[in-house]
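> Sequence:
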Amino acid sequence: MGYEARVNSFIEHAMVALYPRTESLPGIEDTDLRGFLERYQAESTFLMWLGLIAGAFVFIATPILTVYWPLPSFLLPTRVLDEHAHRVTSSRFYLVRQAIFLIKLAAGLCWASHPTVRERFAMEPYPADPGTWRES
Numbered sequence: 001m002g003y004e005a006r007v008n009s010f011i012e013h014a015m016v017a018l019y020p021r022t023e024s025l026p027g028i029e030d031t032d033l034r035g036f037l038e039r040y041q042a043e044s045t046f047l048m049w050l051g052l053i054a055g056a057f058v059f060i061a062t063p064i065l066t067v068y069w070p071l072p073s074f075l076l077p078t079r080v081l082d083e084h085a086h087r088v089t090s091s092r093f094y095l096v097r098q099a100i101f102l103i104k105l106a107a108g109l110c111w112a113s114h115p116t117v118r119e120r121f122a123m124e125p126y127p128a129d130p131g132t133w134r135e136s
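Counting with this note's numbering, you get residues 1 to 136 for the letters of the sequence shown.
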């Protein structure tokens, strides 16, 4: 697994933990997350992409602060990972909250624009992206 694939898998892990599937709503794993991350990297600024990577590493490294387990988040059991995801978003440390916010921002764009999610809220799917802003 190359560097970029490994970084993307860390970002995907954090996003799936923050936007899980429930009985009534699809999770972010039910969307085209890989495709979204490829587009996000290509279309966002370097600092936004760097912030997303930093946020993923903060998410992975902070279970010791939130659930008091000295493991990276990808080794946590599902129940504990869910608790970590809940607690890290309301951390008393501003920089931790902001790093997680960058993940939630990008994940929210992916999740809320997916046709399956929009259908659950009785909304029309977005039309295909014409890609015109990149041309101007």
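Heads up, a few of these hints could be off.
[Stated by the list, open to error] Here are the computed distance ranges between Cβ atoms for each label pair: (1) Pro130 with Leu25: 24 to 30 Å; (2) Phe93 with Thr132: 36 to 42 Å; (3) Pro70 with Leu95: 18 to 24 Å; (4) Ser44 with Glu83: 15 to 21 Å.
Simulated from the structure, these hints should not be mistaken for laboratory data.
We put the beta carbon where it would ideally sit given N, CA and C, even for glycine.
> Should the hint that Ser44 and Glu83 are 15 to 21 Å apart at their CB atoms be regarded as holding?
Given about 30 Å between the Cβ atoms, the range is violated.
> Could you tell me whether the CB distance from Pro70 to Leu95 stays inside 18 to 24 Å?
21 Å, holds
> Within 36 to 42 Å or not, the Cβ separation of Phe93 and Thr132?
Taking Cβ atoms as reference, Phe93 and Thr132 lie about 41 Å apart, which means the hint holds.
> Could one say that the CB atoms of Pro130 and Leu25 fall in the range 24 to 30 Å?
29 Å, holds
Of the numbered hints given earlier, the model fails hint 4 alone.
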